[in-house]
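Asker: Okay, here's what each chain looks like letter by letter:
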Amino acid sequence: MRILKPKDAEFIRRKFEQELVEDVRLVFFTQGESGLTVPGYECAFCAETRALLDDLGELSGKLHLEVYDFLLHEDVARTYRVDKIPAIALVGEKDYGIRFYGIPSGYEFATLLEDIIDVSRRSARLSPTTVERLSAIDRDVHIQVFVTPT
Amino acid sequence: MRTAHQMAMVSDWIRADMVEATEFPHLAMRYNVYGVPKVVINETVTFEGAVPEEVFLDYVLQAVGSP
Chain A
1 MRILKPKDAE
11 FIRRKFEQEL
21 VEDVRLVFFT
31 QGESGLTVPG
41 YECAFCAETR
51 ALLDDLGELS
61 GKLHLEVYDF
71 LLHEDVARTY
81 RVDKIPAIAL
91 VGEKDYGIRF
101 YGIPSGYEFA
111 TLLEDIIDVS
121 RRSARLSPTT
131 VERLSAIDRD
141 VHIQVFVTPT
Chain B
1 MRTAHQMAMV
11 SDWIRADMVE
21 ATEFPHLAMR
31 YNVYGVPKVV
41 INETVTFEGA
51 VPEEVFLDYV
61 LQAVGSP
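The listed protein sequences derive, respectively, from chains A and B.
According to the working numbering, the first sequence is numbered sequentially starting from 1.
According to the working numbering, the second sequence is numbered sequentially starting from 1.
Only chain A is shown next, with the shape it has when bound in the complex (with noise of 0.2 Å):
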């Protein structure tokens, strides 16, 4: 473990056990580990994002790690609509839409958590008032919670 303490990463890893039903991809946007930077754009948290996804990734064979260079996988990175790093996808059978901009820490770790048993459910825990009046929508929508470190 990187940056998990080892009583967390347990923890985490028996909710894991119990919970993850099918595989969950975690695909991250980052730069620098190839030594190509856009100069004046430095990733403060993409090395400590990596080392999260990369503890995470060892406490469940249900989760797979794919890390792309921003610069390298541009192409990727606009498949995925990633338009700054580091940038965290959970992707089940087809890309929900769900973005972590920024390292999840504190309370968002939790949401990471959460989102991934999710995602492994292919199910999401709304009421089913919520779903009804969701499926009315026919156009794009853009949803942006702007979060701090807790």
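Restricting the straight-line Cα-Cα distance to at most 25 Å, the calculated cross-link-like pairs of lysine to any residue (SDA-like) are:
(1) A/K84 / B/R30
(2) A/K94 / A/F109
(3) A/K5 / A/A51
(4) A/K84 / A/G57
(5) A/K84 / B/R2
(6) A/K15 / B/V10
(7) A/K84 / B/W13
(8) A/K7 / A/T111
(9) A/K62 / A/E48
(10) A/K84 / B/F47
(11) A/K94 / B/V10
(12) A/K94 / B/L61
(13) A/K84 / B/L27
(14) A/K84 / B/G35
(15) A/K84 / B/T46
(16) A/K94 / B/L57
(17) A/K84 / B/Y34
(18) A/K84 / B/A63
(19) A/K94 / B/N42
(20) A/K84 / B/V45
(21) A/K84 / B/P25
(22) A/K84 / A/S105
(23) A/K84 / A/F109
(24) A/K84 / B/M29
(25) A/K84 / B/N32
(26) A/K84 / B/H26
(27) A/K84 / B/D12
(28) A/K84 / B/Y31
(29) A/K5 / A/T150
(30) A/K62 / B/R2
(31) A/K15 / B/R2
(32) A/K15 / A/E66
Worth flagging that the hints you see were computed from the coordinates, not collected in a lab.
Could you slot chain B onto chain A? The hints should help.
Answerer: Same frame as chain A, but now just chain B:
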């Protein structure tokens, strides 16, 4: 945050980003993020603070012009 991601799971039309404000200060500035969570939907509808699922849904529907 969870609600937004779950809505993205349910609808193919919805995508939802967590954006860590301190890592992307230009975006925080562009969207006047002074408190968190701050939610921006389609650049037009914004609200601050944690809200119940139904309220979040109303904002999303408002952004697409649905009743």
